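Q: Chain by chain, the residues:
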Amino acid sequence: MATSEQHTIPTNGTALAAFLAAGIGAFGMGLVVILNEAGVFAAPALYNPAGGVSGRTTLAVAIWLVAWALLHHRWKERQLEPRRVHAATSILVIVGLLLTFPPVWGLF
Amino acid sequence: MDTNLFTDRSIWTMLHGIVLGGGALLGLSAALFALVTMRAPRAEDAAPERQGRDIGWLTTFVAITLWLTVIVGTYVSFPPYRATPPEGLTDLTRYPRSFLLANPGTAWLHSFAMEIKEHVPWIAAMLSTSVAYVCVRQPSRLLHDAAVRRIAVTLLATCFVLVAVVSLLGVFINKVAPLD
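Chains as they are written, first to last, in our numbering: chain A, 4 to 111; chain B, 123 to 302.
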C-alpha cells in the first residue's frame with residue numbers, strides 16, 4: 004500500500020530531463036567546437052573583442068536550453084528508467100569533453 | 123581604478139579566478155558532501171526537509187557563481203588576454219596571448235590550457251544548473267530516489283573535477299602571463 008509520503012513524491016521525468024539536457028548541452032559544446040576546428044562551421048562572434056568563443060558558447064547554451072525545454076515537455080509527467088538516462092548523460096558529457104580537448108582536434 | 127598594487131585588469135582576473143571560481147569550488151565541495159551523505163528520512167524525522175532546502179541553496183549558489191565565472195571570464199578577462207599587439211611592439215607583456223605564443227616553451231599555455239578554459243567551464247555551468255534545478259524543484263525526489271541522487275552526485279563530481287583542472291590551468295597561465 005502506498006503511503007501518503009509516496010504520493011507527494013513527483014515522477015522522476017522532470018529531474019531526468021534536466022540531467023539529460025545538461026549532457027546534450029555538453030555534447031553540443033563539443034560539437035560546436037569540433038565543427039569550428041575542422042573548418043566546417045564557425046559560429047559568428049557575438050562580441051567581437053571576445054572573438055568566436057562568444058558565438059560558440061552561446062550556441063551551445065541555446066542547444067542546451069532547447070533540449071531541456073523539449074525533454075521537460077515530454078517527460079514531466081513520466082516515470083522513467085534512470086539507469087539509461089544516467090548512462091546516456093555520462094556518455095554525452097564524456098564525448099562533449101573529448102571534443103573540446105585540443106589534442107583531439109588534430110584527428111579531424 | 124589603477125593603484126600601485128592592482129590594475130583594473132588584475133582585479134577582474136582575481137574576481138574571476140579567486141572570488142568566483144574559488145567560491146564555486148568551495149560550494150561544490152560542500153554540495154557534494156551534502157548530497158553523498160543525504161539519506162532518506164524516517165517517518166518521525168523532521169530534519170530532511172531542511173536538509174533538502176539547504177542543498178537547494180548550496181547548489182544554486184554553485185550554479186550562479188559558475189555562470190558569473192564564465193561570463194566574466196569570457197566577456198571581461200578574455201578580450202584583453204587575446205588583444206592583438208600593435209605592429210612592431212617588442213615588449214608583449216601587456217598582450218598575454220601573443221606573449222605566450224611568442225615562446226615555444228610557453229605556447230602550450232595558450233594552445234592547450236587556454237583553449238580548454240574557453241569552453242569546458244561552460245559545460246560545468248550547465249551541469250551544475252541541472253543539479254541545482256532538481257535540488258530546488260524536487261528535493262523530495264532527490265531525498266527518496268537513490269538513482270536520481272546518484273546522477274546528481276556524478277554530475278556535481280564531474281563539475282568539481284572540471285572546475286579544479288580549469289582553475290589550475292588558469293593559475294599556470296596567470297603565473298607566466300598575468301593580465302596586469
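For the record, the hints were derived by calculation from the structure and aren't laboratory data.
From a predicted model like this one, the values you see are computed outputs, not experimental measurements.
Yeah, the Cβ is synthetic: ideal placement off N, Cα and C, and Gly gets one too.
Treat the hints loosely; a few may be bogus.
Chain A is faced by these chain B residues, among others (derived, beta-carbon under 7 Å) [what the hints assert, rightly or not]:
| no. | residue |
| --- | --- |
| 1 | T182 |
| 2 | F200 |
| 3 | H232 |
| 4 | V258 |
| 5 | A269 |
| 6 | V270 |
Covered stretches of chain B, as calculated for chain A (at least 3 residues, CB under 8 Å) [said to hold, decoys possible]:
| no. | region |
| --- | --- |
| 7 | 136–143 |
| 8 | 187–197 |
| 9 | 237–250 |
| 10 | 272–278 |
A few chain A positions that, by computed beta-carbon distances, are all more than 12 Å from chain B [to be verified]:
| no. | residue |
| --- | --- |
| 11 | A18 |
| 12 | A45 |
| 13 | R77 |
Q: Under 7 Å is the threshold here; is the Cβ of B:A269 close enough to any Cβ of chain A for the hint to stand?
A: With a closest approach of 4 Å, the B:A269 hint holds.
Q: Confirm or reject: A:A18 is not an interface residue toward chain B, with every Cβ-Cβ distance exceeding 12 Å.
A: A:A18 not clear of chain B: closest Cβ-Cβ about 4 Å, inside 12 Å.
Q: Does the nearest C-beta of chain A fall within a distance shorter than 7 Å of the C-beta of B:V258?
A: 11 Å, violated
Q: Do three or more residues of the region 187–197 of chain B come closer than 8 Å to chain A, measuring C-beta to C-beta?
A: Since three or more residues must qualify, the claim that chain A covers the region 187–197 of chain B holds, with 3 doing so at under 8 Å.
Q: Tell me whether the statement that chain A covers the region 136–143 of chain B is true, taking a Cβ distance below 8 Å and needing three residues at minimum.
A: As far as the region 136–143 of chain B goes, the hint is violated, because 0 residues have Cβ atoms under 8 Å from chain A.
Q: Does B:F200 pass the interface check with chain A, least Cβ-Cβ distance below 7 Å?
A: 5 Å, holds
Q: Check the non-interface label on A:A45: least C-beta distance to chain B beyond 12 Å or not.
A: Correct as stated: the minimum Cβ-Cβ distance to chain B is 14 Å, above 12 Å.
Q: Quick check on B:T182 please, does its C-beta sit within 7 Å of some C-beta on chain A?
A: 14 Å, violated
Q: Close enough to count: is the Cβ of B:H232 nearer than 7 Å to one in chain A?
A: Constraint on B:H232 not satisfied, violated at 10 Å.
Q: For the region 272–278 of chain B, do three or more residues have a beta carbon lying closer than 8 Å to a beta carbon of chain A?
A: holds (count 5)
Q: Regarding the hint that B:V270 lies at the interface with chain A, is the smallest CB-CB distance below 7 Å?
A: Given a least distance of 5 Å, the restraint on B:V270 holds.
Q: With 12 Å as the threshold, tell me whether A:R77 passes as away from chain B on beta-carbon distances.
A: Correct as stated: the minimum Cβ-Cβ distance to chain B is 16 Å, above 12 Å.
The structure is inconsistent with the numbered hints 1, 3, 4, 7 and 11, although it conforms to all the rest.
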